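Let the hints inform the model, and build the full structure from the sequences given.
Single-letter residue listing:
Number of protein chains: 2
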Amino acid sequence: MTKDELESVDLKKIKLIGGLLAEKNKLVREQVIPYQWQALNDELADTEPSHAIENFKIAAGRSKGEFHGMVFQDSDVAKWLEAVAYQLTSNPDPKLEKRADEIINLIGEAQEDDGYLNTYFTVKEPEMKWNNLAECHELYCAGHMIEAAVAYYKATGKDKLLSIMKRNADLIDSKFGPETDKLKGYPGHQEIELALIKLYQVSGEKRYRDLAKYFIDQRGKEPFYFTKEWEERGKINHWPDFNQKRERKYYQAHAPVREQKAAAGHAVRALYMYSGMADVARESADQSLIEACRRLWNNTTKKQMYITGGTGSTVQGEAFTIDYDLPNDTAYTETCAAVALVFFAQRMLHLEKKGEYADVMEKALYNGALSGMSEDGKRFFYVNPLEVKPEIADNRHDHRHVRTVRQKWFGCACCPPNLARLLASIGSYIYSQNEEELYLNLYSESKTKVEFDGDEAEIIQRTDYPWDENVEVEIKTEKEIEFTLALRIPGWCKEASLEMNGEQIELSELTEAGYAKIKRNWNNDKINLKIKMPVETVYANPEVREDINKVAIQRGPIVYALEEKDNGDNLAAVYLNVSAEFKTQFESDLLGGITTIKADAYKIDESAWSGELYSTEKLELNEIKIKAVPYYCWNNRGEGEMTVWLKSN
Amino acid sequence: MTKDELESVDLKKIKLIGGLLAEKNKLVREQVIPYQWQALNDELADTEPSHAIENFKIAAGRSKGEFHGMVFQDSDVAKWLEAVAYQLTSNPDPKLEKRADEIINLIGEAQEDDGYLNTYFTVKEPEMKWNNLAECHELYCAGHMIEAAVAYYKATGKDKLLSIMKRNADLIDSKFGPETDKLKGYPGHQEIELALIKLYQVSGEKRYRDLAKYFIDQRGKEPFYFTKEWEERGKINHWPDFNQKRERKYYQAHAPVREQKAAAGHAVRALYMYSGMADVARESADQSLIEACRRLWNNTTKKQMYITGGTGSTVQGEAFTIDYDLPNDTAYTETCAAVALVFFAQRMLHLEKKGEYADVMEKALYNGALSGMSEDGKRFFYVNPLEVKPEIADNRHDHRHVRTVRQKWFGCACCPPNLARLLASIGSYIYSQNEEELYLNLYSESKTKVEFDGDEAEIIQRTDYPWDENVEVEIKTEKEIEFTLALRIPGWCKEASLEMNGEQIELSELTEAGYAKIKRNWNNDKINLKIKMPVETVYANPEVREDINKVAIQRGPIVYALEEKDNGDNLAAVYLNVSAEFKTQFESDLLGGITTIKADAYKIDESAWSGELYSTEKLELNEIKIKAVPYYCWNNRGEGEMTVWLKSN
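Residue numbers (our numbering), protein chains in the order written: chain D, 29 to 677; chain C, 29 to 677.
From the derived model, a few chain C residues whose C-beta atoms are all more than 10 Å from chain D:
| hint | residue |
| --- | --- |
| 1 | T184 |
| 2 | Q229 |
| 3 | E250 |
| 4 | E257 |
| 5 | F438 |
| 6 | K626 |
Partial list, derived from the structure: chain D residues whose beta carbon lies under 8 Å from chain C:
| hint | residue |
| --- | --- |
| 7 | T349 |
| 8 | T358 |
| 9 | N423 |
| 10 | H425 |
| 11 | E564 |
| 12 | V566 |
| 13 | N569 |
| 14 | E571 |
| 15 | I576 |
| 16 | N577 |
| 17 | N598 |
| 18 | I632 |
| 19 | W637 |
| 20 | L641 |
| 21 | S643 |
| 22 | E645 |
Worth flagging that the hints you see were computed from the coordinates, not collected in a lab.
This structure is a prediction, so every number in the text was calculated from the model and none was measured.
Ideal Cβ positions, reconstructed from N, Cα and C, are used throughout, including at glycine.
Written out as structure tokens, the structure is:
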């Protein structure tokens, strides 16, 4: 790593103290991980059984029976295990660790002698291994289990799962590559690329990095591998409605990755790939790949991203569409895509140290990702639209993907454990460092210890962020330590000020690419950062036709929404009075403690309308008060309408 | 018929003189009928061959080969023939009549000995007759050919096709009915119901009326016939993607028709059925059926109709959805549905003599129906959205049904000949009568002759309607004739005035349910009706969420649209200044001669925007001039954006 780059501060060294992120992290620990354990073991009432653990038992020979579930069902276990690992890193829990060890033993038993590990193929179609990468997620499942293995090793020092997955990765490495006797394929769903980089980082074995790079480089080459393998296996499909002629864009295989200009295809596949590209680019100092990452980042976040950090404008292929096409009610905006954007953003930040990456990371985290889970951690959204009217969602086929209440579990349960692993590891997104600098990316009540030249400093953040604009940072040292402290000045913040040990410091001179950088010999200093957090009305680029004449309410990193519960129905008839004053209030008893926003608005007086379908009569407006709540916590008080974008006067 | 009812003045007695409807009628005669003849004979370049005539030749034994095309391909020939019949009624054309006679001979040869007539089943699946009503359109095709037969008989006095179709109808009557040995089914696509009433009216044979009533009454009964026949034929489907579990609503079979409260399912099926219901109700004085017609009329036109008279809010099932769900860009609004609404409206008008029916008839005709055909009569829209942005339509799967330019022909070519038969018979929508009254429903330069008590009056309309608000009606008689002349005062008209022989007459006292009724002894009188036609801004009911904060521009019966050609792109960024003055101008050289409308408006200044995707910067507006053209003639000057609903300040 050069000093132009960054890496996360080790999760072990981070202690979350309080505030929203700490609460969500605790929710994952106390509710989500046990709940998902029940789900994986088919113990939830009224939901489709997952069968995920049972599949491993059958593959291991402990149970008799058939494989059930998605072809990628194994990955749910992997993501759960990864979340457990992060959890154990910060909060030792012998009972949970024992449970994880038992599952790891089971996974070991399910592994075949040559290192192969995938319960679907072991149990159901052993003769079909590696011949349907397009549909069958073998490499994807391997990737998730590798991530779990690395996390578990780092958390516990136990290398059993790591060994299992190294054997598995070695098998994959023996199957894929440029050598003539190897397959020239790449994953139908990207994931293993970034996992292999983690495996390389923890093992130091370059073949894993090179295999990741191979998969990245191979994609988009001619002839199209997925058609080739389909022909070679006799044109047999796994999914009954699978269309072999599906656009190559769906898989980001429409062009070599370095030639791709815009985010395209399935959003989660795309963002996992971009994350893997950033990893490979960094580990191999590949400038053309870095360029491609920048280009795809810019397109994703400046042309195709919802204000919530959600991506994927259409249910068709759960995909990106075209620039500025951001419909609010039919948005796909999968929870996994917001999680994946957090991954991509952190990797770009670590490559380039620019605040704009942290801005998007924060936006996707606090809005489009958090919205995927209910306040109690037991209900989940897969799709996160920005506007919902239940009777429309229930009756229109083009809204068929929109659920108007969070679900207990899903047949395709990728999102809940993905959010769990993100929130379990959220500490590692707060701080980044290199040999000279410590970056504070996210503000959250927490502490960490960092070393510079062998000397340790303790960093303590005290803040009620994201509800409060004040952040106190205490730097505790035993002696003077020289390093640069880089405090993020969020892109949404128009006015920030800073005191060091009670003295005002001019920020503008210190600030570069979104971070205020203070280089000094630290010796028990205290910084008070104020990042002014007024309520803002945000407009979308006028190319976004769905948002013209509308505003979104935002305060700090939090995007707000109106719910029917607070504002009545027909929210489309509400006009925000943009010149009126906003009133904020922290309501500790509401939705886990949130700041709500009240404002003056108008609403069409439906009772004054004749009832005609069309008429030349004028619409009359009533003055009303509206109340907005953070988007992420919508739909925790029953079913009803919701909208992020509001008409404005 | 009672004097509470009406019937059309015989098409033979009507002469179109000039104006928009006469021009469209002439276009059908001179361009559309010959063009469609080429289409039916596979003579159009660069289009999918129709094969429709060839199918008849194969069935008749004149050609060898396979059936090609849709299972309902025969109906394209029927509709063409019906259009030809109307055409011959008003404009004798021996060459065309000879061509029609030849086709009728061919149809006769294609008929089987027992009266069966359907080239698909005769040629391709003779063993499958009558066992798949849900999918295979046998009764639908029969209905269209019956309509053609009645029209041709009325036009020419030749009864060959009528005899063919009576034999066919008799066969159907022998197959379907309440008797134990008969099938208890009903059409998968309604059409034959209203055709059988026409056959009854022309033949006087009540069994045809009773069969129509049987089909109407049978629908919605338990058990669901289409599931029963599917099981009985071994669960074989005609359409590969046909879902037997498709909602019964699609076929309007979710409840007995008298219990149906809202328009539901496939819009054309529904509206044909409602038309058939109105016919049966009238011919059998069935009050409960009339009540059902009123209820379904009210729901259709007051809750589920676009301002263009289009219906069908979703491509999924080409169907009605729920009240007030009227998305503009994904609207299905099939040309056939607008044509069918004209049919339904005329039938309701003839049942109840209320102007509201004629209002909708006029609206659907001038807007949602006419838009289906290009100015040259050689390009057609199947789907008629109210808002189009080509790059969205081309890239979003939920817009997959939207074509951004009219097409030469369609694999499923129901719409072009449907529009042709409507426009060929348009004269019969202008005037209606009973033994005491003559109703002027549509204003159009034309003349007719009507008899009251054996005495004849000639009625001459002189007008430039719909471009001009003045209508002169001359009543020429040889002696005094007493009757009531009922002049429609359109629902959109807020100020009308009337002079009789130069003297002002107070209209309000004469006007009842949308018609000014003048009962007198007519003797060469002249009426000058002025129906003020200012440009109006129309609002939608605030329950229509897609239209909130928007206005449509309407003048008289014509709904206007903005096109990119006149107004630049990003029409979503245009705001109409509703307090500004509208300027109208008749442009004789534009789009066949239309009145255009200019107005002041604002448009977001995209060049002043930073380029950010989201920003707190305010949007700046530029003053612009906009120009609107009639919706029906959009897309005759190249591909581009279009919108009916405009934001307003």
